[in-house]
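Asker: If you want the building blocks of each chain, they are given just below.
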Amino acid sequence: MYRYDEFDHRFVTERVAEFRDQVSRRLTGALNEAEFKPLRLMNGLYLQLHAYMLRVAIPYGSLDARQMRMLAHIAETWDKGYGHFTTRQNIQFNWPKLKDVPDILDALASVEMHAIQTSGNCIRNVTSDPYAGLAPEEIEDPRITAEILRQWSSLHPEFTFLGRKFKIAVTGSEHDRAAIKVHDIGLQIVKDDSGETGYRVLVGGGLGRTPMIGKVIRDFLPKADLLPYVEAVLRVYNLHGRRDNKYKARIKILVHETGIDEFRAQVEAEFTSMDRDSVAAPDDEMARIAAYFALPDLAEKPDAPVEVERMKKLDPDFAQWVTRNTYPHRVPGHVAATISLKPIGGAPGDATAEQMRAMADLAERFSADELRITHEQNVVLPHVAIGDLYKVYRGLAAIGLDAPNKGLVTDIIACPGLDYCALATARSIPVAQAVSKRFASNARQREIGPLSIKISGCINACGHHHIGHIGILGLDKAGVESYQITLGGESTEEAALGDRTGPGFGYDEVPDVVEKIVETYLAVRDGPRETFLQTYRRIGMEPFKEALYAPAH
Amino acid sequence: MAKEFKPVVVTANDLIEGDSVFLSAQGWVRDIARAHVAYDADAAQALEADGLAGETANIVIGPYLVEVLLATGHPVPVLRREQIRADGVPTIPVGLDAQPVERAAA
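Protein sequence lines correspond, in order, to chains R and E. Heads up: the first sequence begins at 80 in this note's numbering, then just goes up one per residue. Heads up: the second sequence begins at 8 in this note's numbering, then just goes up one per residue.
In case anyone wonders, no lab produced these hints; they're calculated from the structure. Possibly wrong hints are sitting among the right ones.
Said to hold, decoys possible - Below are the DSS-like pairs computed for lysine-lysine, each with C-alpha atoms no more than 30 Å apart in a straight line:
#1 R:Lys325 x R:Lys391
#2 R:Lys294 x R:Lys116
#3 R:Lys556 x E:Lys10
#4 R:Lys624 x E:Lys10
#5 R:Lys516 x R:Lys556
#6 R:Lys294 x R:Lys327
Unchecked claim - Partner residues aside, some chain R positions facing chain E, computed with beta carbon under 7 Å:
#7 Glu112
#8 Leu126
#9 His129
#10 Lys159
#11 Pro395
#12 Leu497
#13 Pro509
Predicted model only: the values in this text are computed from it and were never measured. Backbone N, C-alpha and C fix where the C-beta goes; we use that ideal spot for every residue, glycine too.
Using the sequences provided together with the hints, build the complete structure.
Answerer: Below is the structure:
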């Protein structure tokens, strides 16, 4: 885990003091809302339907038990006892009062956290692979790159007022668990023919109202050129990106309208002419940062301890949890264990203070004091000995977070939607809950196999619906909630945008619609090993359309 | 043809708490049932001005008019979004309220 140095501490503390003064001036009326709004947004404070909302950065989704406990403390002391983990690997508190926010930020600063750049037209929290540092196939821990980018981008004077927000994701593995193809910049750590480590750089991906898959701008970028090259991309965007229309202001529009070849030429020209040495991270600083991300000292252990194998036979749900919710670890005898924040009928991504504390305790006892938040709104214990899995599972069962559903039909991503969000046009959470309840049976979920459902409550696509195998987009049609369905989206290295099935459906119809899609898949799949996505890619939209729209006989 | 006028109330968010509030005869209140209703365009304009005065006085943020129905004798917003805002909470049990119920159901 990265630890703040003296500079980081001072930077965050001074920022909290500055915001405390700004809040104080707002409360006395010395600042009006027009003056205050950009200041609060720079500190992650939104105004939503029912209350303010504070979005706290969790850099690349990594945190330790002490930090998770502080989030629990904040939830209990200044909120309503729970928080919402987001698709940007952050946490949102839904009910803070303006007068309390400086105290919340002080509490966060005491555990090396903040809410800076979680909003506004700046470079947002850099996201990464929840299995960073432990995945056996990984070339290099992407969090090192993410931390270098975080430090470089924090209050970067040139990029604090971009045309629009800017999101970067990094993966260190070929198998992309960070959705890099739908980011403004996606970085994949690769090796070239000579064995040198560097980056494959993508640019111009994104979701929202104009979804696009990122394009390769550099096949191989030497590591030392990371910051100069990213800075060159940002400079070209900052210079030429549109500012006259916020809906056309993201870099994806610029890349699309300029063409990737011309955009690449402009970036290369900037990169060539700039003073790269003054921008690049010094070697000793990169080494200092890298040292923080060394794998914890884990002793090799047996891969299949007798006791765990016995419990798998006795408890089928535990066996399914091990199959679905764990991932191989580079140290033998260990796994990464996913805590699903998708209990049947729950609000996706929500956790109570009690659950946060319990997860912190489990991390401390069984996972080298580390937790990861995933962009799928789950939590990962990254370093669990296989021999401890049943204890972890029982600990999770005690707080209702033992759902063995990672990657299955009830592991639904959903934005807060119209239950909280001022921008939303329809509800998301109750739709997710209804679908989750419909598919509650573990046996049925197993039979269906890998299937991602992603729900957004408006066209801004915070629920990533475009890249769900089944995407659900809630819209307002003349005052009534209506849900558009897309099929075939995907977030990994095989990223694809879903295709619309046709006219939308009513709020109450969505579980039946999902059920018809699933039944169609089960009826036509080429055996149980063919996944929903493979089937969709093989047979296309027509059979699903037929099932959804053909008149009943 | 001119759009038919629908009765309106004025709503905003409270500066300190952030929650939805409505202008009533007793000032800004949480309960839309107590909200002052404007029944014609002139009254609506006056109500909107009163709302803006609340913002100028640093009591509320972002006042705007909301169309309401009065079938029940109390103002009820026409739009789903405004109905949810007026309720002051999400449409489903959340946080501490959600957990025990949902766990039992599962």
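Asker: If a hint holds in the structure, say so; if it does not, say that too.
Answerer: Status of the hints after comparison with the structure:
1. R:Lys325 x R:Lys391: Not satisfied, since the Cα-Cα distance of roughly 53 Å exceeds 30 Å.
2. R:Lys294 x R:Lys116: violated, 35 Å
3. R:Lys556 x E:Lys10: holds, 19 Å
4. R:Lys624 x E:Lys10: Between Lys624 (chain R) and Lys10 (chain E) the Cα gap is close to 39 Å, so the pair fails against 30 Å, i.e. violated.
5. R:Lys516 x R:Lys556: holds, 26 Å
6. R:Lys294 x R:Lys327: holds, 18 Å
7. Glu112: holds, 5 Å
8. Leu126: holds, 6 Å
9. His129: Since the shortest Cβ distance to chain E is 6 Å, the answer is holds.
10. Lys159: This hint holds: Lys159 (chain R) lies near chain E, its Cβ roughly 5 Å from the closest one there, short of 7 Å.
11. Pro395: violated, 16 Å
12. Leu497: holds, 6 Å
13. Pro509: Interface hint status for Pro509 (chain R): holds (5 Å vs cutoff 7 Å).
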